[in-house]
Amino acid sequence: MAISFLEGNEVIARAALAAGCNFFAGYPITPATTIFNTMLKLLPPSGGICMQGEDEIASIGFCLGASMAGMKAMTATSGPGISLYSEQISFAIGSEIPIVIVDVQRLGPSTGSATLGADGDIQFLRWGNSGGMPVITLCPADITDCFLLTIHAFNLAEEFRCPVFIAANKEIGMTRESIDFQSLTIPEIKTRRPAIRTADFQPFAVSSEKMVPDFLPIGDIIPVRQTSSTHGPDGYITNDPKTIESNRIRLVKKLETVASAHCYYEARPEQDADTLLIAYGVTARAARQAQQEAKQSGKPFSLLILKTLWPVPEDLIRKHAQGVKRVIVMEMNLGQYIREVERILPGITVLFFGQMNGRLITPTQIREFLDHG
Amino acid sequence: MDSLLNQNRPPAFCPGCTHEKIVRTLDRTFQNMGLSGNRISIVSDIGCSGLFDTFFHTHAFHGLHGRALTYAAGIKMARPELTVIAVMGDGGMGIGGAHLLAACRRNLDITLLILNNFNFGMTGGQFSATTPSDAVVGSGFLNRLETPMDICAVARAAGAPYAVQCSGYQPDLDRELEKAIRFPGFSIVDICGICTGRYVRKNRLTPERIDEIVKPSTPEYAGTLSDAPRKEYSHHYQELSRNLLPAEEPIGISPMFAPIRNTRQEIVILGSAGQRILTAGEILCLAGITSGLHATQKNEYNITVLTGPSISELILSPDNIDYTGIENPSVIIALAPEGVERRQTLFQNATPDTIIIHERNLAIPPHQATAIPMDCKGKGIKQQDRALAALGVLAGMNRVISMEMLQKAIELRFTEPIRTKSIHLIRDMV
Ligand code: SF4
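So the protein lines, in turn, are chains A and B.
Residues 1 to 373 in the numbering used here are what the first sequence lists, from first letter to last.
Residues 1 to 430 in the numbering used here are what the second sequence lists, from first letter to last.
Same shape as in the complex, but just chain B (with noise of 0.2 Å):
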């Protein structure tokens, strides 16, 4: 196999700098495994260590600082037979490392080298999150004040699949790569090189100190570490995505009644979390549709959706709804005192043509409307079939929909048991 290094751009690092030696080791894997440069493709970010992807003749994808892994795992999902290979230097890491943390977790097949050299050498060697805390970089006393990180340890307790820790010398360091390429998951090659430019002009760095540095000999910082074999991300995506049903269409309603009045009426459903306000709000709508009505609902709620308020306002129309607020409503079904209480002025705004449909018990505020109260709570109903039911009364009452629209719009809306025991429901209520 050939060398897949560009001919036309010789790595261009300071003398001495050990990212050429990586360099020139990744080309020795590639053609060892017998990659051609198009089944390849290297996701490089910022830094000396984001010059990598312009020294080989693949694909190449040189993007934002620390955010290699986020495109790897765009590029691998869309072409899973590709061999992503993603370039970090230890600056990147520490700028990335959520994306670090979530490949470890999220185990797609990319391999990540990082060329670490424990400092950022081309903004001048200011310290990164793997600079010991001891070193004289140019930030200053400030790594002093911060521990550098085990990138291996930190990627264990993530749950990485594979890391390992590597000198930039060593002699093997072409099967290192090789190794982790073929690894059929997420691999980490943390690899400790030498910055002459920056780091070493004040730090006593040699490679036989990398030597003392990595440690391969102890069992966590060599290759694979999880116990049980992992799923790689992608086949595993495909293997659980096959059999999934198509997504179901959503239901259409060809027109089938005449509608009970051919004006814009407004209507409004106060009750609280747990009342089943909004699906009640839909069904309405759901009922108007059968009749040719156009219709709308808009709905609040509180973000912690289990307590607080709940309403649906809706509008159904024969013509094009345009404003979806509602000023005066033409009915009110009030359920609960969380909604009541964020709509107080609609009950003063009422006039008698207007309707309030209320549970018996419940306090509301003064109003001219014509109140029709209803006693769930003696009925032995339920706080979740409530707005059900009082749409039933709207129904028995022929305003708004009549009972063949709201039946219809449960059996569109319901399966068996619910829709017939909804349906019961609503006809208990005229």
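Next comes chain A alone, as it looks inside the complex (with noise of 0.2 Å):
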């Protein structure tokens, strides 16, 4: 056992390098500078390329160029930050480039609140981008999180061709927490598929078993084209409605499977409980101790825990409402992540706390919502 006392953003960028991160780009914006300064250290030395941008959306752009060029690109930034990547991430989204986006949010709207935590981005993470096209985003609740989603957010974009976004928290990204690594399992690291080279090669080509393109990197000896523009199988603009569609639908349907393949929880079921209180992020650790003491004094409750925020995990949220009288989502906003829920569970009453004031939700005030809510 070695056991190391870190802050969430530096085992975020230490677990970057694990995964394979050679390229960061960032700037320094509270509560997210830790991973850049991190990176700053970690990177160069290796041989990896750490930039500080001019602006947010340099950040972004250097690290798109990176990615398209082979490289296995980071960001990370806060929520001002994400505002400026917005256009630069539907270009991510659309036009299939890996990369894993890390934001640390702190209290918003607008500058908000630098040191104080809140989980306000969660929906605008999943519709930010122009074309309202799918994300997928891993929510860390604690040290180990950070590791092992960031390693999975790296495989993540390799495999699908996205963007991948850490929705940590200041909560966790700032706060010092004990880790043992030699106790982790780390998962496989993957890359993405390279292409055959021919000389036809066409860089969105998608045979029809698979979901995502082939890729090869601009620079390889076979010339390589990519575009923010609509595009058919070739790179090129295309006006056909046909091509146009089957390929949105593909960007769509490409993220069906995350939800149950690569869905990250931890469910702690209690029997003979009515109540299921879902939680994410720094307030899933209130949500663990209130259920300890909740059964303690004997009314138990089940607690079930996303790290896939999205795609929205639909079977996994269904499966444990069943038998239930009523859902409750906790978040450290006002309410965002609970539309979902009600979305999917029709029929049951879900009832929602939440508070916005730099103030970690307490185990105290989750269990007076219980008894009284």
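Check the hints yourself; a few may be wrong.
[To be verified] Far from chain B by the CB rule (all over 10 Å, computed), these chain A residues:
1. K210
2. Y265
3. A273
[Unchecked claim] Cut-off 20 Å, straight-line C-alpha distance, at most; resulting in silico cross-link-like pairs (DMTMM-like, lysine to aspartate or glutamate):
4. B:K21 - B:E239
5. A:K254 - A:E159
6. A:K41 - B:D319
7. B:K408 - A:D214
8. A:K210 - A:E256
9. A:K299 - A:E209
10. A:K41 - B:E249
11. A:K299 - A:E256
12. A:K253 - A:E209
13. A:K295 - A:E256
14. B:K377 - B:E338
15. A:K41 - B:E248
16. A:K295 - B:D319
17. A:K190 - A:D214
18. A:K254 - A:D315
Note that these hints are calculated values from the structure, not bench results.
Cβ atoms here follow ideal geometry from the backbone N, Cα and C, with glycine treated the same way.
With the hints as a guide, dock the two chains, each given alone in a separate frame, to form the complex.
Structure (structure tokens):
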């Protein structure tokens, strides 16, 4: 056993390296800065590249260029930066560019409070792209999640050729915690599937049984095209409605399997409990403690902690809501993910508790809401 | 060398558009230089100039308006061996102005071709950053309110090592392009041309008039700008990173002591900026970890780090730590009024089981706790050492941590001479 004591942000950076990340571009923004700081310590001596962009748009632009040239790229920011990333995020989605984007959330809207935590960007991450295409978002609750989910995020970005968000929070990223790296089972590291080199290589061609185009980097011996415009398999602009539609549907469909095959969660069911509490991120930790206390006082409830937020793990939520009288969703915002839960569970009472004041939701608040809410 | 023009996609600009001339000149330049398509990456953005990449059989990256230089930087850093050509219109240049300035300062070996036709052609001839104030354009009177930007002058002011203004019609444009591409750093070619589709419908602009605008004879517009040769960014990056030592592995602790108590314990340190509160918090946690406990540390401080409160909230527990907040700490360490002020309620809620270690002359709110005053001031202990001194008091009482745990944490965290100094400090507090 060798226990280390590190910030969530530092662990995210170390996990990125373990996942094969060799390109990072960012710039200072509280509470994400320590990811940049750590990448700057880790990457250059190991032959990787770490750049500070002139702004948010440049930082993610560097990453998109580097990713298409074959590197594994990551950037990190907070809500204000995600806003500025938005157009580039749409580009990465539509043009299938792998990238990991860490959002260490802080209290918004806008500049908000740099040093106060929140989970206020959850729907923004999902819908902040023009075109409304689906995204993958993983959400760590503790330091171990910071490590493992970051590796999963890189694997998913590579496998599905898409941006993958890590929805952290100031309360996860800037909290130091003990972690035993040696006790972790590191997931197998994946890289995007290379294309066979042919003279008529088509950068966005997808064979019928696959959902994701095979990859050749810019700089390969075969010239490669990338474009933010609506394109056909050849990477040139197309106006053909059939081609456009089938591509758009594919962008939706290719992520459908993620909700089941890559659904990360922690289920803590209690027998005969009539209440299911759904939580994620740092709130899930207060929920764990509240669950223990409630059990001791003879009022057990079930708890479902979601770590894959997008795509929504619908089957998982349905399964755990079976047989309960009510479902309660708790979030560090004024009601975002509850929209998904309500949508999936028609006919079931779904209640909400949340706050946006920079304070953690406490186990006491949770128990009070369960008793009287 | 063969033409790199895409045989299946001939240029599709309006008749008479200078862009087409430039496409053909660039192709000739590639041929003159003996470059094959797989050694070139054309990075374009939006507008008529954004069609550029489709006419060539090279690597191509067509991205968002004004952002071509951002992708070009990522591609060049990843593939330094590629010839990277960014192509933007005057519209994209204005939109991505911050990237232009940064690229001038950064000096990555990228060639930027600005296809400058003094308006946003594709969207209907609105004014751009280079439209003359007296031009008649699709933005009504608005261009009369602004002064056009002189690209090369701005580039020079921003530290660009190479910028040149050319006419799309000049017979030696291929040589100018080759010179810029061969320049081992960031090079800008501001190529003035004519938008027949939009701009010249209401404005008189001819190749002859462009010759008058372009002033190749004026030294600051012709080629290399900086006096001293500057290092190219990607080479310089390699040079500076090559000698860096690998990042240190995080400290790994194998538990070696028995914990003092096998229950969750919460500790709060209330101080002010400059008292090294956060470091003391880390050391307390490391000390706890040496006895196999789990630990968390949540900090609070002002964005202006040299003033205001500094607070560290620490939890040590034999079990996994779920909730990281603190409501009823078993130990409060109070060192400065700023921190005390922020956490008044902790004192109200304290019970006789709570220990408050505080600097003797510090005013603290009324409480029921057991107070342990310490006299750092009297002992001549400086502000920055007081948090650590308080840990010495705590360890001396064998509460939460023992002296040997604290000493071990100090040995793990500090190197000499601070290590020995710190160990003396904590021992003196017993
Ligand atoms: S609108 Fe102007 S810039 Fe665009 S193709 Fe026509 S002439 Fe050229």
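Going through the numbered hints above, which ones does this structure break? Give me the numbers in ascending order.
4, 6, 7, 9, 11, 13
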